[in-house]
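Asker: Each chain, letter by letter, is given below.
Number of protein chains: 2
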Amino acid sequence: METRSERAEATLAAIVDAALTMAALEGLESLTLGEVAKRLGLSKSGVFSRVGSREQLQVAVLLEYDRRFQQAVFVPAMREPRGLPRLDAIMRRWLARATDTDRALSCIYTAGAFEYDDREGPVRDQLQDGVLRLRAALRRTVLQAIEAGHLRADLDVEQFVFEMDALFTGLLRDTRFLRDPLVHQRGIKAWERMLAAARTSASPA
Amino acid sequence: METRSERAEATLAAIVDAALTMAALEGLESLTLGEVAKRLGLSKSGVFSRVGSREQLQVAVLLEYDRRFQQAVFVPAMREPRGLPRLDAIMRRWLARATDTDRALSCIYTAGAFEYDDREGPVRDQLQDGVLRLRAALRRTVLQAIEAGHLRADLDVEQFVFEMDALFTGLLRDTRFLRDPLVHQRGIKAWERMLAAARTSASPA
Chain A
4 METRSERAEA
14 TLAAIVDAAL
24 TMAALEGLES
34 LTLGEVAKRL
44 GLSKSGVFSR
54 VGSREQLQVA
64 VLLEYDRRFQ
74 QAVFVPAMRE
84 PRGLPRLDAI
94 MRRWLARATD
104 TDRALSCIYT
114 AGAFEYDDRE
124 GPVRDQLQDG
134 VLRLRAALRR
144 TVLQAIEAGH
154 LRADLDVEQF
164 VFEMDALFTG
174 LLRDTRFLRD
184 PLVHQRGIKA
194 WERMLAAART
204 SASPA
Chain B
4 METRSERAEA
14 TLAAIVDAAL
24 TMAALEGLES
34 LTLGEVAKRL
44 GLSKSGVFSR
54 VGSREQLQVA
64 VLLEYDRRFQ
74 QAVFVPAMRE
84 PRGLPRLDAI
94 MRRWLARATD
104 TDRALSCIYT
114 AGAFEYDDRE
124 GPVRDQLQDG
134 VLRLRAALRR
144 TVLQAIEAGH
154 LRADLDVEQF
164 VFEMDALFTG
174 LLRDTRFLRD
184 PLVHQRGIKA
194 WERMLAAART
204 SASPA
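Line order of the protein sequences matches chains A and B. Numbering-wise, the numbering used here puts 27 at position 24 of the first sequence, and it's gapless, one number per residue. Numbering-wise, the numbering used here puts 16 at position 13 of the second sequence, and it's gapless, one number per residue.
Honestly, I wouldn't trust all of these hints.
What the hints assert, rightly or not - 25 Å max Cα-Cα, derived SDA-like pairs, lysine to any residue:
no., chain 1, residue 1, chain 2, residue 2
1, B, K192, A, S8
2, A, K192, A, D103
3, A, K192, B, E83
4, A, K192, B, R138
5, B, K41, B, R53
6, B, K47, B, Q162
7, B, K192, A, W194
8, A, K41, A, D91
9, B, K192, A, R95
10, B, K47, B, Q73
11, B, K192, A, M197
12, A, K47, A, S8
13, A, K192, B, K41
14, A, K192, B, Q59
15, B, K192, B, E83
16, B, K47, B, A75
17, B, K192, A, D91
18, A, K192, A, S204
19, A, K192, B, L198
20, B, K192, A, K47
21, A, K47, A, A63
22, B, K192, A, A63
23, A, K192, B, R57
24, B, K41, B, R57
25, A, K192, B, A199
26, B, K192, A, G152
27, A, K192, B, V19
For the record, the hints were derived by calculation from the structure and aren't laboratory data. Keep in mind that this is a model prediction, so the values were computed, not measured.
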């Protein structure tokens with residue numbers, strides 16, 4: 004039998020899931036407790052008692068987004084050997100999310116960065132924290148590829164990671180705003196050129 | 004003596020200028036006729052009689068933004084010789100705008116692309132039109148650099164222009180959201196590497 008706390012947890016998960024869908028389609032700023040309650044057929048006070056303020060709901064959405072991103076991109080890539088194979092798997096999975104138009108989920112962080120560039124507060128802090136954690140994880144993976152002898156020892160790691168993220172951001176914009184069906188191939192081509200310039204002769208094919 | 008139509012034109016210019024500042028700081032979606040009227044000490048009906056609907060004001064803001072962008076980036080670059088010098092001047096002026104934090108104007112198109120990716124209507128159409136015109140102008144300039152023998156004849160022009168725009172978008176995000184002071188140098192470094200890979204031996208230094 005389902006316990007009371009299991010039910011409460013399932014309701015909270017449903018609230019965060021509905022809010023994540025809304026935020027992905029209409030932006031984090033569009034989220035309101037009332038609208039989420041309406042979509043789930045709950046009372047606004049019922050939502051409030053579970054998630055707290057609107058800002059707390061926005062932060063919960065970002066944490067849930069992170070969890071899914073890890074699950075879709077980093078967890079499977081960790082099964083690849085350390086070094087270039089793992090780095091390549093991360094980037095390809097990440098780029099694939101930008102052009103996966105079935106799930107509109109890939110835009111919360113990037114759209115959020117432009118929504119919140121001039122707005123201070125816990126949502127901006129959480130967004131920034133997420134971007135910086137992603138960059139740190141990419142940096143670690145690039146460094147491992149250098150240690151493994153797959154990428155050049157004199158590679159500017161910070162520059163390389165900046166260019167990875169710029170490529171993803173541009174790809175996402177072209178997919179979602181220009182709706183250009185060729186853009187996934189362009190992203191892959193740009194990535195392969197970045198890798199070709201950073202590779203050593205000892206790197207796996 | 005100032006004529007009546009000159010006064011009307013000056014008022015319209017002041018309305019569009021105030022709306023452009025608002026849109027740059029808070030997003031195109033934040034624009035309302037009432038708020039613009041308040042900031043200028045005009046009546047809401049006075050603003051309405053001059054610009055028409057909120058959507059027409061948003062479109063007018065985008066056209067004025069385009070005019071200023073042309074003036075700041077393309078007009079001075081046209082004084083450079085055709086080919087690589089002109090292409091390089093355009094990209095450097097464009098990248099400089101991304102990191103010019105005094106004028107927050109550089110973000111209307113990029114932020115707008117994420118604000119309007121799922122919203123249909125005249126504002127989205129105008130945004131898309133602006134992005135496509137910019138891409139076409141960049142494409143022409145890259146083609147001229149190929150004709151001048153400065154860039155490789157087998158260069159994938161569409162790919163090159165996609166990567167120029169992705170670089171700008173990533174740079175803008177890092178400047179305005181991460182507030183990273185080193186990012187302008189990173190943008191220039193990435194651009195110089197793109198050029199180095201596309202150059203012929205006949206290209207000017």
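Asker: Are the hints correct? Go through all of them and say.
Answerer: Comparing the hints with the structure gives:
no. : hint             : verdict
1   : B/K192 to A/S8   : 54 Å, violated
2   : A/K192 to A/D103 : 17 Å, holds
3   : A/K192 to B/E83  : 31 Å, violated
4   : A/K192 to B/R138 : 19 Å, holds
5   : B/K41 to B/R53   : 15 Å, holds
6   : B/K47 to B/Q162  : 46 Å, violated
7   : B/K192 to A/W194 : 17 Å, holds
8   : A/K41 to A/D91   : 42 Å, violated
9   : B/K192 to A/R95  : 24 Å, holds
10  : B/K47 to B/Q73   : 31 Å, violated
11  : B/K192 to A/M197 : 13 Å, holds
12  : A/K47 to A/S8    : 20 Å, holds
13  : A/K192 to B/K41  : 50 Å, violated
14  : A/K192 to B/Q59  : 39 Å, violated
15  : B/K192 to B/E83  : 21 Å, holds
16  : B/K47 to B/A75   : 32 Å, violated
17  : B/K192 to A/D91  : 23 Å, holds
18  : A/K192 to A/S204 : 20 Å, holds
19  : A/K192 to B/L198 : 16 Å, holds
20  : B/K192 to A/K47  : 51 Å, violated
21  : A/K47 to A/A63   : 17 Å, holds
22  : B/K192 to A/A63  : 37 Å, violated
23  : A/K192 to B/R57  : 41 Å, violated
24  : B/K41 to B/R57   : 15 Å, holds
25  : A/K192 to B/A199 : 17 Å, holds
26  : B/K192 to A/G152 : 24 Å, holds
27  : A/K192 to B/V19  : 41 Å, violated
Checked against the numbered hints listed earlier, the structure breaks hints 1, 3, 6, 8, 10, 13, 14, 16, 20, 22, 23, 27; every other hint is satisfied.
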